Amino acid sequence: MRFKNPMVQKFWRFSTSFQLGIPILVALTVLITWGTLVESKYDAFAAQKLVYQSWFMYITMGLLVYNLIIVMVDRMPWKRRHAPFIFVHIGIILMIVGGLVTQKMGLDGSMHLPINGKNNYVQVSQTDLVVYATFDGDRYTKVYENEVDFFLHPPTEDKPYKINLGNNEITIKKYLKYARVSKKLIKSTDSNVGSSVKFQLQNANVTQVETLTQPSKTKTADVNFGPLKVVLGHDVKENGRKDRSTNEIYFNPKNETELSYELYRKEEMKTFKSGTIKIGDMIATGWMGLELRLLDYLPQATEEWDATEVDYPTPLTSPALLIQFGDKTQWALLNDVVKLFGKSEAYIFSFQNRRIDLGFPVYLKKFEMTHYEGTQKAKTYSSQIEIVPPNNSAPVSGLIEMNEPMKFGGYTFYQASFNLDEKTGEPTASVLSVNLDPGRWIKYLGSLILTSGIVWLFIQTRRRKTAQ
Amino acid sequence: MIRLISILLLVLQVSLFSQFANAAPKLGEAIRYLPVQDGGRIKPYDTFAKEVLEVVYGKKTYKTEAGETAPAYLIVLTWMLSPDSWTSRPLFEVNHLDVKNKLGLDKEKKYFSSNELFTTDKFQNLMQELADRRQSQEKLTPYFQALQRLQNQMIYFRELAAGRLLRIMPNAESDTWLSVAELPEAQQTLFIGISQNVAAYLGALAEKQDIEGAKTSLDSAVLAFQKSIEQIVPQKYAEAHKVGTEVFYNDLHPFRWAYILYIVAALILLFIWIRNLQSGMPLVWTIVLAGFFTHILGFAFRVYLAERPPVTNMYETVVWVSFGVMLFSMVLEKIYKYRVFLLAGTVVGFVCMVIADTAPAVLDPSLQPLEAVLRSSYWLIIHVMTITISYAAFALAFGLGDIGLIYYAIDKDKHAEKIQHITTGVYRAMQIGVAFLAPGIILGGIWADASWGRFWGWDPKETWALIVLLGYIIILHTRLVNWIQNFGMLVAGVLTFNLVIMAWYGVNFVLGAGLHSYGFGAGGVEYVSIFVLVHFIFVGYVFSVKKLSKV
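Sequence lines, in order, name chains F and A.
Going by my numbering, the residue at position 289 of the first sequence is 289; the numbering climbs one at a time, nothing skipped.
Basically my numbering = 1-based index in the second sequence + 468.
Isolated chain A (complex conformation):
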């Protein structure tokens, strides 16, 4: 088995790195590799275009009226090329119902044109409302956050079209790069050359004629532009050497490969587990490990590109928790060989990764520079990683609890042995969680003491971590004195996890927005609430089934 695994992993990694080594642009895609300064760092134009389109359109690719998918790097450039052709096209995503109402928009539609949105008096009124709210310095409720996004969408589009957003040439005198509008005349001309070639390329695509020629011509226009900049500011331009790796990371999307492998493993495991098969585990292990290594590879890329540890924002913690779930489930599986641990692990790991991948508005996957207070502190990284890895253990207990309760709902006497195994897993996972969370909170205290001068200040984030700890300690103690049995343990595994959801997500998105702003709608609060509610109903249902079966 081990030989099989190692061979497979070797094949996987060789194929990955051979691609990496050949990270030279494909024909017609040299433009994606243009270095751009944005958001406090240098990134490839490819990433820039994706992020801008994400803000404006909510997605990384654009769907044309003809139903074709167009990549961000072409679409965004056409805004600059001919902004007027975009005024009546549905480009701006608006989700908030209240905002749609106030603008008199069709509630069924999701995308609107700038003509529909920004030219009306109603829009001006909303912007005034937002300005007043900012002036009062009160917290922005989800409604105002939606207005803020609308404003950002408008500014991004307008500034990009005007050539002020895209900073594309290093400035010899200052740290701020020159935008397209500020380019010296020679470079300005060369950039127009790129734009014209993009237009020609799009034309060729539409007419399906001489696409190859258009691609070659676009690439040479890009190279000419780059060469002329290199001559003026060679030193500063050379510092942008990571763009190639970043485009490769964008294309590879390692975290997606990881969760695909996890779900494949989970499905095979489910089959093995339900059928009580004795074989097949080496195959599962191989796939799981392949997923796990791809997962690690993704982290390695982010660390290399951002030059900082990989766990600093909500998105990264979700990916990190998924990593922890896999790690703990593999360790427990190795010890107990019950198979259900790995099953729960792959399912929870998969779900976390999918959430991270599909909710960019809440979980921002872009590589952002750190806040000043978070910089260069060893303890910060350690305590965040320790605390969130404990959430991974609790997530595993949660997944196991769910599986166990399903057996209770089906037939608890027939599956008594399986239920016993699952309960052991829940208990162990909770222990692991507590063993990481308690030191993690203390490490957080040490960090707070070192950087803010107080060990404990009842800050909501730290208090909620303590609430989680107390919650699980209460459960472990009640189990210790036999106040709760197997069923209670499974229920606790599921319901106590709500505390983790609150500490992890709720503090930022529910408490942060202010409790007195009862509006839902931003930050996915409605989805999380449904998730929590469904689990309460599920537990209630299983409980009633259990009661009835006793009668």
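Chain F extracted, bound-state conformation:
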């Protein structure tokens, strides 16, 4: 193509030349190399945020598409020999466009399905701040919701993020990308607050220290050791045993210094042993020589997070926010709820991954795992699921296995992972990845065109060389 205007002609020449094309390819190579280094140093999320979804990545990709198009237009009118070259370029453009469509319009999230449970929400990587308010302590209404990207735009002491709630204000003063967190107990004088115990379980082979804290005065807390369960704040006489299939110990606060306890044996309804216990006392459980010693007891206590910043993420770190409400500051972790008490109203504050309602529930009917013979190495795992369509027609069931997804309502459900109980090693939930990919067909079309272009190109150059 030629243009009369010398400036335009010059610009056109430059656009179609390798002086533009090759530097773009080099820039792209350097960028994505950097991306892999960021991923190695931090994690995949950081690499996405800092490199692959950054504005310079978009610019480079944009320039690449521009160059690919201009170079094709410049060859017009096309001849037969141009065909493979055009195929390759169109293929690449389609794949980039398909990728963009997926990123902007698709859905890529995960869904936890508890064994024999259900879920209709898909969790995605975007984060929201949500606040619910109540005046009677019973009915909560959503009073605030806003998307935040604290990873790229963190609040600071100088530039805090403020949530105005009319009479009250929540101030977010700090964001930690990677925080190592631990629970700490705060003694309370509030009479609505539950109790907390710290105890040690010991026999010849094991020693374990555990802390149990009631979420509130009327709620129970428990911990499962497999052959033994310890429960705090549950009245057996009124509500019955929680789990008859295992040995159980129940603690209930009696007064400021003492707790009452009851021991139940597996499959039995009558009390095996009972009494009261105070700090320092020991109970011989009679099971496998296990002895339980009470190390600490707080009649009123609340649990709070304590967070310290670390340089790199590990499976144990979590993003954390430092929030101030009134004169109290505390940490809030991602996907955790924090209760805040005002003069006449209470709030629930949550910094959470967005959960998208699919509009229909997914039931997990069965989860199966097989192992390689004589090992704990997983060979296969699969989920039998059932979906109840929104129009109340007959439920659809399907088996999802590794590499064998199930499709429903435009969504594809894949077997991604599973959760195991830390103590017993039994699976507790199946993790599915759920996605909606409107760009899929574009990418596949692009792949097809690109691949045929490359093969064609290869054959063509071979013929040309042989002909010479």
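If you're looking for bench data, these hints aren't it; they were derived computationally from the structure.
A hint or two may mislead.
[Said to hold, decoys possible] Label-pair restraints from in silico Cβ distances:
#1 A/707 <-> F/237: 49 to 59 Å
#2 A/604 <-> F/427: 21 to 31 Å
#3 F/427 <-> A/1000: 42 to 52 Å
#4 F/334 <-> A/602: 21 to 31 Å
#5 F/368 <-> A/701: 22 to 32 Å
#6 A/604 <-> F/156: 21 to 31 Å
#7 A/980 <-> F/171: 56 to 66 Å
#8 F/427 <-> A/1001: 41 to 51 Å
#9 F/153 <-> A/772: 52 to 62 Å
#10 F/370 <-> A/552: 54 to 64 Å
#11 F/58 <-> A/1013: 40 to 50 Å
#12 F/149 <-> A/956: 39 to 49 Å
#13 A/701 <-> F/103: 49 to 59 Å
[Claimed, not checked] With a straight-line Cα cutoff of 20 Å, these simulated EDC-like cross-link-like pairs (lysine to aspartate or glutamate) come out:
#14 F/377 <-> A/775
#15 F/49 <-> A/927
#16 A/577 <-> A/566
#17 F/379 <-> A/566
#18 F/41 <-> A/566
#19 F/217 <-> F/138
#20 F/49 <-> F/311
#21 F/219 <-> F/311
#22 A/607 <-> F/311
#23 F/278 <-> F/256
#24 F/187 <-> F/303
#25 F/377 <-> A/506
#26 F/41 <-> A/643
#27 F/379 <-> A/687
#28 F/198 <-> F/306
#29 A/607 <-> F/256
#30 F/379 <-> A/775
Just so we're clear, the structure is a prediction, and the values are computed from it rather than from any experiment.
A virtual CB, placed ideally from N, CA and C, is assigned to each residue, including glycine.
Using the hints provided, position chain A relative to the given structure of chain F.
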């Protein structure tokens, strides 16, 4: 020529398969064929013993103080027989300098006894350090990987000596076989009989008296043990019928034969090429093809034994790339008849195979079961094989580039024709590589879409494959517009291959270990770095020679 080749191949294969047919145990070696359950599959005791010795000692055979070589199947059994006699013998390989320092060991020595290693407080401290690191769930740096190996060495030895590691009898009730310690009384007695016979055999070997008799007696003890198990669980024991083939595979070591044939061919080719001889090529072709068929035979064995495709881990990809290098060099050689293509191919193929054979700590040759996510997926196998075969083409370009640069260093004007031929080869090999890599990446996308639900996710392994592709596309385009000439093409053949090394090896061993763990020492990172560095220096040297010759 073709007749010669076919006759030779026939002789080779007849001799191989006649051995195969006679795969009955040699005298005194029946014990090697005992079926054992380990690592999620049934294997012969021979393989088990070699793998255990490899973990503990770093080698498949043990060198006694007297300087004699003892096979793994005898050594490992003596751990169980008399663990105490081993406490002061140098059995445990420790390589990591930092670990040696912290344990107060002699830095010059390589092997240590369990007394030196495991009885000290220092060892307990290191194990605590490792436990803390695991608790924090941070990545294990090479230092911690070395600690982990030390722990494994201790556990393997201790568990084997206690009779808990060797699972030797099928269990009627469950999938897990019974270990020596769990054997029923009758079998327990028979197993002790085997141990005693091994001791007697070792004694006979040492005193060089009645070795034949000891061998016969050992074999009959093994047979008695096997027979008694067969009576209890005949069905499950019969399923272990592949052990004979596996012992044969262990003994035959087909990949070693392949690389020996490759290097012989390479040396003859070198002579032909340097002397510009017109004859000799039929001989070279015969040897190369014999090597190539042995190579394929090795793959066939692995597929049969593991019941899965042969390209799933680092070791297997190296062997596969070597295969691809041979294939592409033979095809290009057939078309162009420049001889240098086959030369570069045999050299690179040989080097790959030797690396695969000599670095078991990095490239694990044992047959392992697959991760759940990798099972039963057609696309997985296709895309891995397509991508790694493209690495083979780039490896060929690399080998040719090296040869071409040597000519530049010697005299580029005198060898202008040869350099031209080599450059053509580099360009062609790169084209082949790109023609496989681009579809391979797309196939990888299809696989990822089918099993993880996304076509492209910027995962480091897939991103680095894309980086390799972009690198070679940049080179091919710059050549297309004549930005680089013959010399540039040769340099590109050598240097761009560093991207392949990164994608293939670096992602797993450098990025995987975490960039913030600057320690080298595990996974052979230091050797690979030296290899890369030497090539940069070489290219720099040739470049300066070229500059000077212009002046």
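Structure-based check of each hint:
Range check, residue 707 of chain A to residue 237 of chain F: about 57 Å between beta-carbon atoms, so the 49 to 59 Å window is met. A C-beta distance of roughly 25 Å is found between residue 604 of chain A and residue 427 of chain F, which places it inside the suggested range of 21 to 31 Å. A hinted range of 42 to 52 Å for the beta carbons of residue 427 of chain F and residue 1000 of chain A is consistent with their spacing of about 45 Å. Between residue 334 of chain F and residue 602 of chain A, the C-beta spacing of about 24 Å keeps the proposed range 21 to 31 Å intact.
Between residue 368 of chain F and residue 701 of chain A the beta carbon distance is about 26 Å. The supplied range of 22 to 32 Å therefore holds. One distance hint, 21 to 31 Å for the beta-carbon pair residue 604 of chain A and residue 156 of chain F, holds here, with the actual separation near 28 Å. The supplied range of 56 to 66 Å is broken by residue 980 of chain A and residue 171 of chain F, whose beta-carbon atoms lie about 41 Å from each other. The supplied range of 41 to 51 Å is met by residue 427 of chain F and residue 1001 of chain A, whose beta-carbon atoms lie about 48 Å from each other.
Checked against the hint of 52 to 62 Å, the C-beta distance between residue 153 of chain F and residue 772 of chain A comes to roughly 58 Å, which is consistent with it. At roughly 41 Å, the beta carbons of residue 370 of chain F and residue 552 of chain A sit outside the given window of 54 to 64 Å. Roughly 45 Å separates the CB atoms of residue 58 of chain F and residue 1013 of chain A, a value that falls within the hinted 40 to 50 Å. A beta carbon spacing of about 45 Å between residue 149 of chain F and residue 956 of chain A agrees with the range 39 to 49 Å that was offered as a hint.
Between residue 701 of chain A and residue 103 of chain F the CB atoms are about 56 Å apart, so this pair conforms to the stated range of 49 to 59 Å. Between residue 377 of chain F and residue 775 of chain A the CA atoms are separated by roughly 18 Å; this keeps the pair inside 20 Å, and the hint holds. In summary, the hint linking residue 49 of chain F to residue 927 of chain A is supported, as the alpha carbons are separated by about 14 Å, within the 20 Å threshold. Proposed proximity of residue 577 of chain A and residue 566 of chain A is supported: the alpha carbons are some 14 Å apart, at most 20 Å.
At most 20 Å may separate the alpha-carbon atoms for a hinted pair to count; residue 379 of chain F and residue 566 of chain A exceed this at roughly 37 Å. Taking the CA atoms of residue 41 of chain F and residue 566 of chain A, the gap is about 23 Å. The hint is violated against a cut of 20 Å. Among the hinted pairs, residue 217 of chain F with residue 138 of chain F is consistent with the structure: their alpha-carbon atoms are about 15 Å apart, no more than 20 Å. Proposed proximity of residue 49 of chain F and residue 311 of chain F is supported: the alpha carbons are some 17 Å apart, at most 20 Å.
Distance check on the hinted pair: residue 219 of chain F and residue 311 of chain F sit about 37 Å apart at the alpha-carbon level, beyond 20 Å; violated. Of the pairs offered as hints, the one joining residue 607 of chain A and residue 311 of chain F holds, with about 13 Å between alpha carbons and a cut-off of 20 Å not exceeded. Under the criterion of a C-alpha separation no larger than 20 Å, the hint pairing residue 278 of chain F with residue 256 of chain F is consistent with the structure, at around 10 Å. For a cut-off of 20 Å, the pair hint linking residue 187 of chain F to residue 303 of chain F stands: about 9 Å separates their Cα positions.
Distance restraint check for residue 377 of chain F and residue 506 of chain A: the Cα-Cα separation of roughly 12 Å lies within the 20 Å cut-off, and the hinted pair is therefore satisfied. Proximity of residue 41 of chain F to residue 643 of chain A is assessed by CA-CA distance (about 42 Å); at most 20 Å being required, the pair is judged violated. Taken as a hint, the residue 379 of chain F and residue 687 of chain A pair is broken in the structure, with Cα atoms around 36 Å apart against an allowance of 20 Å. For the hint pairing residue 198 of chain F with residue 306 of chain F, the CA-to-CA distance comes to about 18 Å; that is within 20 Å, so the pair holds.
Restraint check for residue 607 of chain A and residue 256 of chain F: the C-alpha separation of about 46 Å exceeds 20 Å, so the hint is violated. Of the pairs offered as hints, the one joining residue 379 of chain F and residue 775 of chain A holds, with about 14 Å between alpha carbons and a cut-off of 20 Å not exceeded.
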